[in-house]
Amino acid sequence: MTVTREVDQSDDATLIQESLREPEIFAALFDRHAPLLHRYAVRRLGPDAAEDVVSDTFLAAFKHRDRYDRSRPDARPWLYGIASNVIGKQKRTELSLYQAYVRSGVHPGVPPVEDEVNTLAVNRPLAAALLKLKRGDRDVLLLVAWAELTYEEVATALGIPVGTVRSRLNRARTKIRETLGEK
Amino acid sequence: MDDLKAMWAEVPAGTERDLAGARHRLLNGMRQPRRSRGKVRFAVAGGLAAALTVGFAAVQVTTDARPANAQELLARAAESAGSEPDLNPRPGQIVHTVGRDLYSSGARSGGSGGIEAEAREDWQPADGSREFMMRQGDQVTLMKLCSDSFIKTVGMTYADLSNWPTDVAALKERVRQVAAKHPAEPRLRETFTLQDLINMSAVRPSLRASLFKLISEMKGVSIQPSVTDALGRSGIGVQTPDRMVLIFEPETYRYLGYNSLDEQGRLVGGGAVEKVELLDRLPKEKVTFTEPKCIPA
Numbered sequence: 022m023t024v025t026r027e028v029d030q031s032d033d034a035t036l037i038q039e040s041l042r043e044p045e046i047f048a049a050l051f052d053r054h055a056p057l058l059h060r061y062a063v064r065r066l067g068p069d070a071a072e073d074v075v076s077d078t079f080l081a082a083f084k085h086r087d088r089y090d091r092s093r094p095d096a097r098p099w100l101y102g103i104a105s106n107v108i109g110k111q112k113r114t115e116l117s118l119y120q121a122y123v124r125s126g127v128h129p130g131v132p133p134v135e136d137e138v139n140t141l142a143v144n145r146p147l148a149a150a151l152l153k154l155k156r157g158d159r160d161v162l163l164l165v166a167w168a169e170l171t172y173e174e175v176a177t178a179l180g181i182p183v184g185t186v187r188s189r190l191n192r193a194r195t196k197i198r199e200t201l202g203e204k
Numbered sequence: 009m010d011d012l013k014a015m016w017a018e019v020p021a022g023t024e025r026d027l028a029g030a031r032h033r034l035l036n037g038m039r040q041p042r043r044s045r046g047k048v049r050f051a052v053a054g055g056l057a058a059a060l061t062v063g064f065a066a067v068q069v070t071t072d073a074r075p076a077n078a079q080e081l082l083a084r085a086a087e088s089a090g091s092e093p094d095l096n097p098r099p100g101q102i103v104h105t106v107g108r109d110l111y112s113s114g115a116r117s118g119g120s121g122g123i124e125a126e127a128r129e130d131w132q133p134a135d136g137s138r139e140f141m142m143r144q145g146d147q148v149t150l151m152k153l154c155s156d157s158f159i160k161t162v163g164m165t166y167a168d169l170s171n172w173p174t175d176v177a178a179l180k181e182r183v184r185q186v187a188a189k190h191p192a193e194p195r196l197r198e199t200f201t202l203q204d205l206i207n208m209s210a211v212r213p214s215l216r217a218s219l220f221k222l223i224s225e226m227k228g229v230s231i232q233p234s235v236t237d238a239l240g241r242s243g244i245g246v247q248t249p250d251r252m253v254l255i256f257e258p259e260t261y262r263y264l265g266y267n268s269l270d271e272q273g274r275l276v277g278g279g280a281v282e283k284v285e286l287l288d289r290l291p292k293e294k295v296t297f298t299e300p301k302c303i304p305a
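Just so you know, the sequences run in chain order A and B.
Last residue of the first sequence: 204 (our numbering), numbering continuous.
Last residue of the second sequence: 305 (our numbering), numbering continuous.
Hint data in this document are derived by calculation from the structure and do not stem from the laboratory.
Since the model is a prediction, treat every value here as computed from it, not as a measurement.
Positions of the beta carbon are idealized from the N, C-alpha and C atoms, including for glycine.
Honestly, I wouldn't trust all of these hints.
Distance condition first, Cα-Cα at most 30 Å in a straight line; then the derived DSSO-like pairs of lysine-lysine [unchecked claim]:
1) A/196 <-> B/13
2) A/110 <-> A/84
3) B/227 <-> A/84
4) B/180 <-> A/110
5) B/294 <-> B/180
6) A/155 <-> B/283
7) A/112 <-> A/196
8) B/189 <-> B/152
9) A/112 <-> B/189
10) A/153 <-> A/112
11) A/153 <-> B/13
12) A/155 <-> B/227
13) A/110 <-> A/196
14) B/283 <-> B/294
15) B/180 <-> B/227
16) B/294 <-> B/189
17) B/13 <-> B/160
18) A/112 <-> B/13
19) B/152 <-> A/110
20) B/294 <-> B/160
21) A/196 <-> A/153
22) A/153 <-> A/110
23) B/152 <-> B/13
Among the chain A residues that face chain B by a calculated CB cut under 7 Å, a handful are [unchecked claim]:
24) 41
25) 44
26) 56
27) 75
28) 79
29) 83
30) 88
31) 128
32) 129
33) 131
34) 132
35) 139
36) 143
37) 180
38) 182
Just chain A, with the same shape it has in the complex (with noise of 0.2 Å):
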């Protein structure tokens, strides 16, 4: 079925309210949401992984859908926190990519970069500090500075208080600024 461009421009909710009445609308949603999603999985996993945790994800999802809460017109919350799930069954594959692109400087879904000397000396003390996180503390960290979501949203994701979002922020930070000043 082909979702018409006026569903399209609805919120998120709209959709998903939508589709429980015509399952296929939902695939706007993962149109409008894939390609971030996507990014980021890759950021975390690599591109090996990435396709799956898209996959996952959205499947999740729709099997749910009829749970979402209609208030947020805004579907990343909980498509991140979903994929936060996903992601963290991959922790293995994760470390092992922080830890790859420590020892080798080569992660596979960056493309090359300009100035790769600068980029390395800064990016490679950053994966070996997030490979010292606890995995609810990176979870916090990279929602927010890679998927940009805000501390609220991050609460609603990960299903966990604002504080709690602000203390593992707060934790997560210093023990990064710790593993940078060992370096």
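Given the coordinates of chain A, assemble chain B onto it according to the supplied hints.
Just chain B now, with coordinates in the frame of chain A:
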């Protein structure tokens, strides 16, 4: 933070080609028939051990619409619990539970106040008369309840629960009487008593159903559309005025566990159980510590 934001920012957004497989799987997933809803289903459990195991719910209660408020959610949770069989452990049997606790690291070790999770396994004598065993992380502790312990004195061992009333008014009065003797500080007594009863009544779901009805009569209970239990399971919750959040499986309304919040609404603890079963004796485990004194609570 700016450096982190810029880290690997060169990664482009997923292209149509990158996403083709995922989109295809989603469209295929949409074509799968949905499960029938609005029915009570009984799953057939095989074998005695399975029949005695609560936790992997035998009963599923589903309805079309999400509950609109805490009262509606608790009514569905009561219906779900009421559909499960009572195990009614006999004195001498062991109640074996497997789950996970959440605790504030500050509360235990002067840490940062972050939340940590720890697997927990209990083997408790149903009548509290013999030694019980607990595994937390890699530690296995052997303990014994004092003869004048709280749960024995007030009749709140697993075996005692079969004598508790399921009539809500009578239950409310019994909870009030028992809470008055709880060793916690006064403002927490009722919450702790209810929390203990809800968790222990895994062996008597009919009592758990009445406890949910009792809580639905409390002023100030509110629905929490999205909560996560100590085992990482997504759920729908009811928050009591004392900041206890009861968590239920969103489709079946089966009770999963609880979270405790502080005055700012921050998670400070919790617990969730994934398995409850009755055993005839303690298993042979390598005990790492034997508590020398009896446990008073």
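Enumerated hints in conflict with the structure, sorted upward: Checked against the structure, the hints that fail are numbers 3, 4, 5, 9, 12, 16, 17, 19, 23, 24, 32 and 35, while the rest are satisfied.
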